[in-house]
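Chemist: Chain residues, written in single-letter form:
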Amino acid sequence: MAEVEAPKLPSGVRKKLMFVNRKAPHGTIYALEALEVVLISAAFEQEVCLAFLDDGVFQLVKGQNTQAIGTKNFAPTYRALGDYEITRLYVERESLAERGLATADLMPIVHEDPDDADEEKPSIQVVGRAEMATLMAEQDVLLSF
Amino acid sequence: MTAYVINGSSFEHDEEGYLKNLADWNKDLAEIIAKDEKIDLTAEHWEVVNFLREYYDEYQVAPAIRVLVKAMKKAFGAEKGDQKYLYQLFPYGPAKQACKIAGLPKPTGCV
Amino acid sequence: MSTLHTVNKSPFERAALISALGHVRPGDALLMIEDAVVGARKRTAFAAVVEAAAKICALFVLAPDLAARGMAEKDLIEGIKTVDYGGFVDLAAKHRRVQSWL
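Protein sequences appear in the order of chains A, B and C.
Positions 370 to 514 (the working numbering) are the ones given, in order, by the first sequence.
Positions 409 to 519 (the working numbering) are the ones given, in order, by the second sequence.
Positions 2 to 103 (the working numbering) are the ones given, in order, by the third sequence.
Note that these hints are calculated values from the structure, not bench results.
Nothing here was measured: the structure is a model prediction, and the numbers come from that model.
Heads up, the beta-carbon is just placed ideally off N, CA and C, and yes, glycines get one too.
It is possible that some hints are incorrect.
[To be verified] Which residues of chain B face chain A? A partial, calculated answer using Cβ under 8 Å:
hint : residue
1    : Gln-468
2    : Pro-471
3    : Lys-478
[Stated by the list, open to error] Here are the computed distance ranges between Cβ atoms for each label pair:
hint : chain 1 : residue 1 : chain 2 : residue 2 : range
4    : C       : Ala-73    : B       : Thr-410   : 55 to 65 Å
5    : B       : Ile-440   : A       : Asp-487   : 38 to 48 Å
6    : B       : Ala-451   : A       : Asp-487   : 25 to 35 Å
7    : A       : Lys-490   : C       : Lys-95    : 30 to 40 Å
8    : B       : Lys-435   : A       : Ala-437   : 27 to 37 Å
9    : B       : Tyr-495   : A       : Asp-509   : 27 to 37 Å
10   : C       : Ala-73    : A       : Thr-503   : 34 to 44 Å
The whole structure should be built from the sequences, with the hints applied where relevant.
Modeler: Dropping the structure here:
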């Protein structure tokens with residue numbers, strides 16, 4: 370139940386969790402499942418970030434409309450991640466380029482500036498492949514979807 | 409019971425009372441769901457229910473309680489963006505009960 | 002702070018192996034299991050990428066999966082080592098984290 374207090378790891382340990390998204394959104398259930406686990410993980414007060422690489426970058430493309438394929442359009446939910454204090458969405462530059470995409474093709478996703486509640490900061494950070502590898506190597510746990 | 413009935417029309421719900429089809433929802437149905445939850449809907453309840461529907465419409469997700477409190481605070485101020493205030497309106501859990509009345513799916517992470 | 006990367010699909014079926022090889026760091030290990038053992042063969046269309054990665058990190062294949070597919074050590078790109086199930090566990094224990102490339 371939502372009213373139950375957030376579960377805590379022993380001694381309040383905060384782990385670095387990265388959800389690695391590598392699949393396009395609507396052909397398989399991976400992207401939606403990942404998003405649901407991400408939302409649940411937010412209740413555990415861990416350091417959560419998301420990585421989008423390979424076809425995973427398609428999850429953040431703007432203008433997705435699933436009406437005619439009769440499935441839930443969960444794309445707008447990425448824009449709610451800031452409310453869940455998930456403020457780091459790393460997108461791999463090479464993966465975008467390989468797919469003919471540019472940063473401008475992605476949905477604007479923002480979160481509240483912790484220093485100023487009236488200001489918003491972008492959540493998406495486009496990083497190169499080497500930097501993505503470094504970010505992965507900094508995590509305690511990598512969850513692949 | 410697996411469906412709410414209004415004037416001979418029935419609207420399916422799951423075993424916990426959440427509407428199966430988001431599009432079925434209307435204010436009369438909300439009143440019926442609220443009655444099952446033993447809640448008399450006041451203007452304050454409606455404010456939360458409508459807020460949840462707008463949140464869902466925007467983000468396609470029912471917010472977790474923590475998120476609801478924060479978003480209510482931003483929209484209506486500290487008095488209403490308050491866990492205690494929301495529990496007074498929806499004693500069995502604001503996210504859970506208010507979402508049900510608003511015709512939304514059970515919030516993700518609400519196990 | 003190294004990572005064990007695991008891949009279980011052939012590079013001819015999906016990009017997971019090539020993507021994983023593009024994200025390995027010195028000190029990491031990459032283990033090819035199930036259909037991914039195909040990627041360890043000499044002279045495939047992907048062999049150059051695998052050979053280049055072998056210079057950065059340690060590459061392994063799971064021997065039972067190799068045998069099941071009629072492959073032997075002589076078929077492998079130079080430098081790729083075989084491990085059995087126990088060796089898989091040792092690799093997982095040795096590295097700080099495991100990343101499975103689905």
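Chemist: A separate judgement is required for each hint: does it hold in the structure or not?
Modeler: Hints, verified against the model:
no., hint, result
1, Gln-468, "5 Å, holds"
2, Pro-471, "7 Å, holds"
3, Lys-478, "6 Å, holds"
4, Ala-73(C) with Thr-410(B): 55 to 65 Å, "60 Å, holds"
5, Ile-440(B) with Asp-487(A): 38 to 48 Å, "40 Å, holds"
6, Ala-451(B) with Asp-487(A): 25 to 35 Å, "28 Å, holds"
7, Lys-490(A) with Lys-95(C): 30 to 40 Å, "39 Å, holds"
8, Lys-435(B) with Ala-437(A): 27 to 37 Å, "30 Å, holds"
9, Tyr-495(B) with Asp-509(A): 27 to 37 Å, "34 Å, holds"
10, Ala-73(C) with Thr-503(A): 34 to 44 Å, "37 Å, holds"
Of the hints listed earlier, there is not a single one the structure fails to meet.
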